[in-house]
Every structure is written in C-alpha cells, then in structure tokens.
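Peer 1: Please take these sequences and the hints and turn them into a complete structure.
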Amino acid sequence: MTWNSTAEFLAMGGYGGYVWGSFGVVAVLLGIESVLVARRRTAALRSLRQQALAERLEKEAV
Amino acid sequence: MKSRFINWFALANPSSFYPVAGRLIPWFWLLAVVFGVAGLWISFFVAPTDATQGEGYRIIFVHVPASWMSMVIYIVMACWAGLGLALNARLSGMMAQALAPTGALMAFLSLWTGALWGKPMWGAWWVWDARLTSELILLFLYLGFIALQAAIDDPRRADKAGAVLALVGVVNVPIIYFSVKWWNTLHQGASVSVTRAPSMAHTMLWGMLLMALAFWMYAIAVALMRVRAIMLEREAQSAWARELREVVA
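Going down the list, the protein sequences come from chains F and V.
Residue numbering for the first sequence is 1 to 62, as defined by my numbering.
Residue numbering for the second sequence is 1 to 249, as defined by my numbering.
It should be emphasised that the hints constitute simulated quantities derived from the structure, not laboratory data.
One should not assume that every hint holds.
Listed below are several chain F residues computed to face chain V (Cβ distance under 7 Å; list not exhaustive) [unchecked claim]:
1) Y18
2) G21
3) R40
4) R49
5) L53
Take a look, some chain V residues computed to stay more than 12 Å from chain F by CB distance [as the list claims (entries may be wrong)]:
6) W29
7) L31
8) A38
9) R58
10) M71
11) L83
12) L85
13) A86
14) L87
15) D129
16) N184
17) F215
18) M225
Quick reminder that beta carbons are idealized off the backbone N, C-alpha and C, glycines included.
Peer 2: Dropping the structure here:
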C-alpha cells in the first residue's frame, strides 16, 4: 500500500473520520487506562509510606 | 528440597507474586509496543485497499483485537473467579478484580469501533443484532461485576459475590462467538476466513494477528500493574507490604 500524500493518508479514501475515530479513541483510552493504573499504585505506595512515617513519629513521641 | 521448577503455589501468595509481576511488566510493555508498531505498519502501509469497503475496512485492525480481548479477558476473569471460589485463595479474587476494568474497556472499544465501522458500511451506528446485543450484554456484565465488588466493603465477600456473577455471565461468551452462526445477523461472519485473493488475505491476517498480540500483551501488562496496586491496597497492614523497598526507602 503506497500513499501519494499525507492528505491522502489522512483522508483514508473518504473514511478518514471513521478510521481515525476508531484508532484515535483506542489509543487515547488505552493511554488513559495505563496512566490511571500507574497512578493507582503510586497512591497505594504513598499511603503505605505515610502510614510508616506516622508510626515512626508516634514511637519517637513516646 | 531444591527444585528447578517454579513453585506455583508459592506464587499464589501476594508477597511473592508482587515482585515477580513487577519484573515481568516491562517485558510485556516492550512486546506490546513491538507488536503494536509492526501491526500498525501493516494496517496502514502494507495491507492493500479492500475491493468493496475501500480504506474503511482498516477499522478491522482494532475492532477484531478489541472484540477478541473482551471475550478472552472475561473467560480468564471467570476462571480466576472459579478458582477463588474453589480454593479460597486471595490472589484469585485480586486477579479477577484487576481484569474487569480492562475487559470492560475492550468491550466498549469493540462497540465503539463497531459503530464507526457500521455507520459507513451498513448505514447505522447501531442495530439490535444478535452479535452487537450480546457484546453489549458483555459490557454490562463487566460493569455489573465492578459495581457489585465496589458495593461490598469486605474484599473477601466482594470476591465471592463477584465470582458468582462472573461465572453465571460466562454463558454469554459462547453466545457472542456463535451468534453470527446461530442467528441471521447483519454482522459479518468470522473474519479470519480466506475468501479473497491469497496475498491480500495474508497481509490482512498478519496485521490483525499482530494487533491482537499487541492487545494481549497490553492487557497482561495493565492487569499485572493493576493487581499490584490492589495487593498494596488490600494488604496494607501486612508485614510484606510494609517492608517493601519502595516503602522503606
């Protein structure tokens, strides 16, 4: 498959909106999911660290 | 006793599964990117124009992998759920919970790309066709599973309730798969059939298989990442989680 120009590639033979609407939404949603998943673990680690810090401070105060 | 074999039962323990999953995740990401780049290259630059659908058929390269994954993930999720009910292992429930959002996303993407393909080819975004309707039910099963688990505070009880729902819902997967055979549907039959000129069908098939492999690797990577987060959340009080290098350092 050879495309003669970028415009032709983007037009997808008149189906541009449908093709890019499919590939685009797939890419965006997979990207969002991976960011959210990574953030979820970061948040869990942060709360574990805070918990550890709170316990250490409590012990030092006694 | 020293064994060269991996002790799978030891791996069922979150404390030993967590680091193993952490080492595997980058490899699955790498494979997802490699297969994805190769698949996209074939999708847009190798696979020729379709005789009847023009360039519009290229939606197949994301539609079919997303649809396959939505069914595969559901079956894997139901297997973990069943294993959890039978063995009462902590890991099973966590795995099922980690797979559900990715499965729901795949079901949504299958419907979304299907609508964008249906509009130019059939003239309708949506029809109440057996294939489409059963895929929509699959999305609702995922959402029901997620909602049910979120509604129950005790994670072990949530696992059990979710497992029953997942196992009952698994009957829907063969219905989706065979719907195009059992009913007279607007949706075309199985797409992995070689009816066109061999060279063309081959490049299309390769593109689809590579994209499907990329989706597989992505789903595994994301599910492992999510299961690690769930382990930390659920086992925040346990010694292994508190003594993790990421926490202590």
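Peer 1: Now, for every hint given, state plainly whether the structure supports it.
Peer 2: Now for the hints, and whether the structure bears them out:
The interface hint given for Y18(F) holds, since its Cβ lies 5 Å from the closest Cβ of chain V, which is under the 7 Å cut-off. The beta carbon of G21(F) is positioned within 7 Å of a beta carbon in chain V (closest approach about 5 Å), and the interface hint is therefore held. A least Cβ separation of about 4 Å between R40(F) and chain V falls short of the 7 Å threshold, and the interface hint therefore holds. Residue-level restraint check for R49(F) holds (minimum Cβ-Cβ distance to chain V is 5 Å; threshold 7 Å).
This hint is violated: L53(F) has a C-beta 10 Å from the nearest C-beta of chain V, more than the 7 Å allowed. In this structure W29(V) is not separated from chain F by more than 12 Å, as the shortest Cβ-Cβ distance comes to only about 9 Å. With a cut of 12 Å on Cβ distances, L31(V) stays outside the contact zone with chain F, its closest approach being about 15 Å. Here A38(V) stays apart from chain F, with its beta-carbon at least about 15 Å from theirs, past the 12 Å limit.
A beta-carbon of chain F comes within 12 Å of the beta-carbon of R58(V); the shortest separation is about 5 Å. Non-interface status of M71(V) relative to chain F is upheld: no Cβ of that chain comes within 12 Å, the nearest being about 17 Å off. Every beta carbon of chain F lies more than 12 Å from that of L83(V), the smallest distance being close to 23 Å; the non-interface claim holds. Every C-beta of chain F lies more than 12 Å from that of L85(V), the closest at about 26 Å, which supports listing it as non-interface.
Even its closest Cβ contact with chain F, about 28 Å, leaves A86(V) beyond 12 Å, as expected for a residue assigned away from the interface. Separation of L87(V) from chain F is adequate, the least Cβ-Cβ distance of about 25 Å exceeding the 12 Å criterion. The Cβ of D129(V) sits about 19 Å from the closest Cβ of chain F, beyond the 12 Å cut-off, so the non-interface label holds. Against the 12 Å criterion, N184(V) stays outside the reach of chain F, whose nearest CB is about 25 Å from its own CB.
Residue placement check: F215(V) does not keep its beta carbon more than 12 Å from all beta carbons of chain F (closest about 9 Å). For M225(V), the condition that its CB be more than 12 Å from all CB atoms of chain F is violated, with the nearest at approximately 5 Å.
When each numbered hint is compared with the structure, violations occur for hints 5, 6, 9, 17 and 18.
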